[in-house]
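Sequences and hints are given; from them, build the entire structure.
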Amino acid sequence: MEETIKFQLNGKKTEAMIDPTQSLLWVLRDHFGLTGTKFGCGMGFCGACTVLIDNEPVRSCQLSVGDAAGKNVVTIEGLAINGKLHPVQEAFIKHDALQCGYCTPGMIMNAAGLLIKNPAPSVQEIKDGMENNLCRCGAHMRIIEAVQTASKEMKGGK
Amino acid sequence: MKKEQIKDQESIQTSERQGMPRRDFFKLLGGGIIVFFRPWRVLDLFGMPAEQARSLPKDYNAFLHIAEDGTVTCFTGKIEMGQGIITSLPQMMADELNIPVERIKMIMGDTDLCPWDQGTWGSLSTRVFGQSMRAAAAEARGVLLDLGSTQLGVPVSQLEVRDGVITDTKDPKKTVSYTQLTKGTRIEKFLDVKPSMEDYTKFKSIGKSYNHSDATLKVTGEAKYAGDMKLPGMVFARILRPPSHAAKMTSVDYSGAEKIAGTKVIRDGDLVAVINESRDKADEAIVKIKAEYSFNELPVNDKTIYEYMLKADSNITVVKSTGDLEAGEKLCEKTIESEFHDPYLAHVAVETHTALARLEGDKMTVWASTQSPFGLRDGITRELSLPAEKVRVITPFVGGGFGGKGEFQQGIEAAKLAKLTGKPVMLMWTREEEFFYDTFHPAGVVKIKSGIDKSGLIKLWDYNLYYSGTRGADAIYDIPNAKITHYSQKSGGSPVHQFGTGAWRAPNNNTNTFAREVQIDIMAAAAGIDPMEFRLKNLKDEKMIACLKAVADKFGYVPGKTRSGRGIGIACGIDAGSWVAHIAEVKVDKSTGKVKVVSIACAQDMGLCVNPEGATIQMEGCITMGLGYTLGEEVLFEGGKVLTHGLDTYNIPRFSWLPKIDTLILDRKDKPPQGGGEPAIIAIGAVVANAIFDATGARLYRMPMTPERVLEALKKV
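In order, the protein sequences belong to chains A and B. When you line the first sequence up against the numbering used here, it's residues -15 to 142, in that order. When you line the second sequence up against the numbering used here, it's residues 42 to 758, in that order.
Since the hints were made in silico from the structure, they are not lab data. Virtual Cβ for every residue (Gly too), placed ideally from N, Cα, C.
Taking lysine-lysine pairs in the DSS-like style, the calculated list, with each CA pair at most 27 Å apart, reads:
no.: 1; chain 1: B; residue 1: Lys635; chain 2: A; residue 2: Lys111
no.: 2; chain 1: B; residue 1: Lys146; chain 2: A; residue 2: Lys78
no.: 3; chain 1: B; residue 1: Lys682; chain 2: B; residue 2: Lys329
no.: 4; chain 1: A; residue 1: Lys78; chain 2: A; residue 2: Lys68
Covered by chain B, per the in silico footprint, the following chain A stretches (three or more residues, Cβ under 8 Å):
no.: 5; segment: 15 to 26
no.: 6; segment: 29 to 40
no.: 7; segment: 51 to 62
no.: 8; segment: 82 to 89
no.: 9; segment: 107 to 115
One-sided excerpt, in silico: chain A residues whose CB lies under 8 Å from chain B:
no.: 10; residue: Gln6
no.: 11; residue: Trp10
no.: 12; residue: Gln73
no.: 13; residue: Phe76
no.: 14; residue: Ile92
no.: 15; residue: Leu118
no.: 16; residue: Arg120
no.: 17; residue: Cys121
no.: 18; residue: Gly122
no.: 19; residue: Ala123
no.: 20; residue: Met125
Okay, structure coming up:
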């Protein structure tokens, strides 16, 4: 049954008349057209669908849209502020930390969440925090470098 | 360079839909004029029947178009899947046209707009397509110079081009731009004598490092992949899949699926599918279909396949034979016989096979995640009995391929469903479907008998390869008595592989390089010679020698006989026209059998390197991905049932696996460019296996080298 679900989406109050049992992933992609959030496995194993909910990186394929009610959801499309890319996005460009780009939005969202919780992670903490986001092209080394750079940039801004 | 590939494809699509010929379309697109270099070829290139258009066109207009605003559009049937040609092909074109790389826009993998292409694989984009494109651009420059010469009244020899502006070197005020020359008229001209491509000393873009030109699109989520397309009235499809490749459906009951709101069941022969406007509902409906099957499983699985291959009635081909094996054996002081096993591997691109198909009037358009847009077009033409000109395949960004997207079953399925339902159909395979229909890297066996004389020279090499392919099976060392025999599927015989197999990044070379380079290491140890010295001693190939020396230098290699206890291994090989050599250092936990690769250095000779940054990224990617087949990846199966179907059980490399990676590209800018997307992956299995031996004395003959297998090998030390 459809009902009105209200939540904050990329900084804006949003409501949708929707079946609350639909997965957040497909609602974001299909209902809201936010296709930066990717389908990779649908089982929470790859991390391509990672978004932030109340600053916490979560697998949107494992949540229903009803679970997001009243919460603050940020997708890759909402990470830049007023057209200015987020430091993690900037760092991914700087370090060329991507190839096919399909896992990239999930990697960036996960890294952004990691840096909220731990603004100055060690390399080991970055590896641990990113471990369950899968990249097949092998951009891992550059992704770690990018997260380190973003960490430095963000602390610099404070 | 290219920021709006997808938007452009969309706008092109709008004009193309009205059935506009390519020429008129160009006028519409940029207001620009096409420069015709070959007036005698009036035949519209893309009006040719598909069967005739099976090579790169000779008409240079197929590759490029100069618009009035100075933008140059480059057309290629190749696709971008992360390998970076969207960045490097413009570098090649820019240097031939003498224009800034930023002025070039890419249109890729669109069968209605781009020249025919066999597919994006085999590391051919730079070394074959790129070179043809350069030649095309060189002729374009030649023609424009001729035209400029007439316009300015100055001989060509007195002209130079910079940033698309032709200037009289004696009077720099006399200039004319490409766009001024092409404006307002259609120029028909071609050159009898083909100009040569620019000499490397004149390169401005080639050889310079550029970051991925598509990076901004990819970090913002704006980059569109096939699954990101949406059309009015679009439905999601899920297809009923059999539980085994050896299963045949005997009955099906889909009454349960029809009860899921908004679901329609489609049945056409063996094809049973559901469609729904919601992907979640389609997922819900498909599992409600109850089907029964009969099975005809062969008694073979991931453990018994190797013996099965050795015993199978095979087609036997002697690929290469030099000298005399018997005579060679007599010269040997020591002979060594080994048997190597390599399992089935999955491609595991993070984007699954995806396609959106729409039938509008009599024209089928398919947006597909594919390495083979023209192959898919032909497939749809064949399967749906449509004329080739009524099928258009458009390839947006592809989320990883690695050879697995050379196959395009999903595109044909989506097209069939679009025809059956009359609606635009989005088909995005699940991860499980991806594992089931993947064309796996084939399992294989390599048996080698080899021998060395007293001085440590290899005198015998009897190499037998079973059910893998021969890429990389060459001995590469200077061996007077060598034979390479290939055992493969006998036509009409019972199939050895129980499911689809195909190209997997550097197809089969991973298997062959593993076997050869471990065998070399075994011989070096038997001879009591440092494995670097042993290789150099037995090689005459100058490029291989140079790569080995370069990697030794990069790594800081200190000679030592193996087993030294240091955990250092060496391996080398040749793939896609490039030469690679690796040195790795590992740590082995003898109590658990777990291997940690600490560092890997790699030197690569790839001829002219177009984009050093891009090539370096490919090498890093190869090394990282190579750790997967080396240490963790294996598809388990029982007959036609694929037992590995999730990312929880198929172990691809993760952040914790990452070693320190050092890469070096040899300076060979005076040589033609070679492959870069695959070579650096081929030696990872061997370099790690050899390092494990050096650390522990445990010899691994089987990939992946899981902790259990390492423990097993340690028991034999």
